[in-house]
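Novice: Sequence:
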Amino acid sequence: MRLSRYAALTSAFFVTTALALTGASAAASAQLPAATGYVALGDSYSSGVGAGSYDSASGSCKRSTKSYPALWAAAHSPSSFRFTACSGARTSDVLSSQLTPLNSSTGLVSISIGGNDAGFADTMTTCALQGESACLARVAQARTFIDSTLPGRLDGVYDAISRKAPAAHVVVLGYPRFYKLSGSCIAGLSEKSRAAINAAADHINGVTAKRAADHGFTFADVNATFSGHELCSGSAWLHSVTFPVLESYHPTAAGQSGGYLPVFASAA
1 MRLSRYAALT SAFFVTTALA LTGASAAASA QLPAATGYVA LGDSYSSGVG AGSYDSASGS
61 CKRSTKSYPA LWAAAHSPSS FRFTACSGAR TSDVLSSQLT PLNSSTGLVS ISIGGNDAGF
121 ADTMTTCALQ GESACLARVA QARTFIDSTL PGRLDGVYDA ISRKAPAAHV VVLGYPRFYK
181 LSGSCIAGLS EKSRAAINAA ADHINGVTAK RAADHGFTFA DVNATFSGHE LCSGSAWLHS
241 VTFPVLESYH PTAAGQSGGY LPVFASAA
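Going by full-length UniProt numbering, the residue at position 222 of the sequence shown is 222; the numbering climbs one at a time, nothing skipped.
Do not rely on the hints blindly, as some may be mistaken.
[Said to hold, decoys possible] Only pairs whose alpha carbons sit at most 25 Å apart, straight line, appear in this in silico SDA-like list of lysine to any residue:
1) Lys66 - Lys192
2) Lys66 - Val245
3) Lys192 - Arg153
4) Lys164 - Thr242
5) Lys192 - Val207
6) Lys210 - Gly131
7) Lys164 - Ala224
8) Lys210 - Asp93
9) Lys66 - Asp93
10) Lys192 - Leu136
11) Lys192 - Asn223
12) Lys164 - Asn116
13) Lys210 - Asn198
14) Lys192 - Gly131
15) Lys210 - Ser266
16) Lys210 - Ser79
17) Lys164 - His215
18) Lys210 - Ala254
19) Lys210 - Phe145
20) Lys164 - Leu95
21) Lys66 - Ser77
22) Lys66 - Arg82
23) Lys66 - Ser56
24) Lys210 - Pro166
25) Lys66 - Pro78
26) Lys210 - Gly107
27) Lys192 - Ser235
28) Lys192 - Asp147
29) Lys192 - Ser266
30) Lys66 - His250
31) Lys210 - Ala140
32) Lys192 - Ala213
33) Lys66 - Gly234
34) Lys192 - Ala134
35) Lys164 - Ala35
36) Lys164 - Ser56
37) Lys210 - Gly234
[Unchecked claim] Now the in silico label distances, taken between C-beta atoms and shown as ranges:
38) Leu181 - Ser133: 16 to 26 Å
39) Glu132 - Ala74: 39 to 49 Å
40) Leu129 - Asp159: 20 to 30 Å
Read the hints as simulated data drawn from the structure, not as lab findings. Where is the CB? At the ideal position from N, CA and C, for every residue including glycine.
Generate the whole structure from the sequences, applying the supplied hints.
Specialist: In structure tokens form, the structure reads like this:
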């Protein structure tokens with residue numbers, strides 16, 4: 001009987017202590033400010049190049065009011081919205097000039113990055129102007145870079161985001177495949193070049209998704225929403241070669257609102 005009484009008292013003590021500690025922890029958590037601000041980082045696919053309606057104050061960064069970050073912020077009214085994504089940005093540009101708005105109150109971060117590091121613009125120029133053989137060689141070069149060098153550069157960016165915004169939910173967005181194979185295009189790149197470019201897009205997405213997952217970030221794949229809206233589909237949400245040339249191979253306004261926005265909204 002004495003032993004049972006001792007056991008009961010001991011159990012009561014630990015239960016009371018646990019409840020007290022849990023209550024104190026909950027009270028402390030309740031006093032912490034909610035992390036609710038949104039910061040949009042990245043390259044031209046995040047700034048909205050190709051969508052038009054550029055904010056003149058953004059200059060050569062060409063941040064569009066029709067980009068998925070601006071559309072999401074307008075629909076959800078975060079406590080703050082800072083938009084530092086910039087046309088042509090590489091990982092080094094994100095580190096040097098885009099991270100300033102990040103802090104402990106940042107609750108959401110979006111980013112697309114890596115395409116320019118891998119030579120996206122030069123690859124597409126080579127493929128458009130120099131024929132199939134040169135295109136395939138340049139795509140192979142880009143894929144070697146994606147395997148050997150890009151992972152370390154992505155790690156550097158993702159580590160910096162985690163340090164500066166430790167409470168943030170980070171969504172890393174990928175790139176769409178550019179071409180519908182065996183589609184409606186009767187001129188331009190060869191089918192083999194188009195297939196190689198699509199495979200390279202899948203390759204960079206795969207590497208990026210792995211690095212994002214290893215940092216606890218969410219990778220958002222846009223290929224499902226862009227399916228049926230690639231170049232040569234007859235209903236493209238991507239520009240082909242355009243004037244201004246800067247918008248070539250970038251999402252249109254429909255690509256931002258119909259391709260990127262729903263995927264980001266779901267992930268966010």
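Novice: Check whether the Cα positions of Lys192 and Asn223 lie no farther apart than 25 Å.
Specialist: Given pair Lys192, Asn223 holds - Cα atoms ~20 Å apart, limit 25 Å.
Novice: Does the alpha-carbon distance linking Lys164 and Ser56 stay inside the 25 Å limit?
Specialist: violated (28 Å)
Novice: Given the hinted pair Lys164 and His215, is their alpha-carbon gap at most 25 Å?
Specialist: holds (14 Å)
Novice: Starting from Lys192, check that the Cα of Ser266 is at most 25 Å away, please.
Specialist: Judged against 25 Å, a Cα distance of about 34 Å means the pair is violated.
Novice: Do the alpha carbons of Lys210 and Ser79 lie within 25 Å of each other, as the hint requires?
Specialist: violated (31 Å)
Novice: For the pair supplied as a hint, Lys164 and Leu95, is the alpha-carbon distance within the 25 Å limit?
Specialist: holds (11 Å)
Novice: Sort out whether Ala35 lies within 25 Å of Lys164, counting only the CA atoms.
Specialist: holds (13 Å)
Novice: Next pair to validate is Lys66 with His250; report whether the Cα-Cα distance is within 25 Å.
Specialist: Given that 25 Å is the threshold and the Cα spacing comes to 13 Å, the pair holds.
Novice: Quick one, are Lys192 and Ser235 close enough, alpha carbons at most 25 Å?
Specialist: It holds: about 21 Å lies between the C-alpha atoms, which stays within 25 Å.
Novice: Holds or violated: Lys66 and Asp93, Cα atoms, limit 25 Å.
Specialist: holds (23 Å)
Novice: Assess, step by step, whether the Cα of Lys192 is no farther than 25 Å from the Cα of Arg153, and give holds or violated.
Specialist: violated (30 Å)
Novice: Between Leu181 and Ser133, does the C-beta distance stay in 16 to 26 Å?
Specialist: Holds: the Cβ-Cβ distance is about 19 Å, inside 16 to 26 Å.
Hint violations for this structure: numbers 1, 3, 4, 6, 7, 16, 18, 29, 32, 36, 37 and 40, all remaining hints satisfied.
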